[in-house]
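Based on the sequences and whatever the hints tell you, model everything.
As given, the protein sequences belong to chains A and B, one line each in that order. End of the first sequence sits at 56 in the working numbering; the numbers just go up one at a time, nothing left out. End of the second sequence sits at 1153 in the working numbering; the numbers just go up one at a time, nothing left out.
Incorrect hints may have been included.
Stated by the list, open to error - Residues from chain B shown here face chain A by an in silico Cβ test under 7 Å; the list is partial:
hint : residue
1    : Arg1051
2    : Val1053
3    : Ser1058
4    : Ala1061
5    : Met1062
6    : Met1098
7    : Leu1135
8    : Tyr1138
For the record, the hints were derived by calculation from the structure and aren't laboratory data. Every residue gets a Cβ at the ideal spot worked out from N, C-alpha and C, and that includes glycine.
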Amino acid sequence: MHLLAMITFAALTSTVLAAITNEAETTRERCLYGLKTFGAFVGVGLAISWLFYFIP
Amino acid sequence: MTPTSDAPPLESKQPSVATLAPVSLPRQVVVCLAAWLVPGLGHGLLGRYGRAVLIGSSIYAMVGLGLLMRGHLYSPFDPDELLALRDVLSKVCMIGQMGIGLIQPLLRLLGVGAGFEFKAATYEYGTYFLVVAGLLNYLVMFDAFDIAKGRKA
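In structure tokens:
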């Protein structure tokens, strides 16, 4: 449930951020930006969750 | 001299003058208000239909999922929630949720999301889905303003 909520959040947020970014002009660049943002959200989320796992 | 076929198109990164033309001041105000009240409508009024659909569907999906996860929707009408000095964090959440636009007061008038369902495992997720949906719409509003001012395509 937690992972699903995080992935859904990352997907929706990165879609909006890709639509409004100044760093991309073409559709292809926007898609790449969205995928990078999505990956960053999920990757950082997983990294932080593993970090907390080792903290008692 | 004709350009060779493998020459990079010089104008690919340069938006045309027409796309960067600013709209009139009253229209800028209308676009910003529309972008706030109905997510995606500001971009739609500026002719960015694809982006408008993406933005609108994503933000409304976040709102719907937030409510399905039993998140709390703060009321902009409740003076206790609006003016009381205690519980400052909930004011921040309320200001964030006000970014959703018209649907927030409408849903609250219908009694949707009014309860604090702390016992639900997804209560916090749902509430913050609603907050982030509003915060994203503030960003969308600024983006629509930039387009209306002619600062970006």
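Hint-by-hint comparison with the structure:
no. : hint    : result
1   : Arg1051 : holds (5 Å)
2   : Val1053 : violated (9 Å)
3   : Ser1058 : holds (5 Å)
4   : Ala1061 : holds (6 Å)
5   : Met1062 : holds (5 Å)
6   : Met1098 : violated (17 Å)
7   : Leu1135 : violated (10 Å)
8   : Tyr1138 : violated (11 Å)
This entry does not satisfy hints 2, 6, 7 and 8, going by the numbered hints stated previously.
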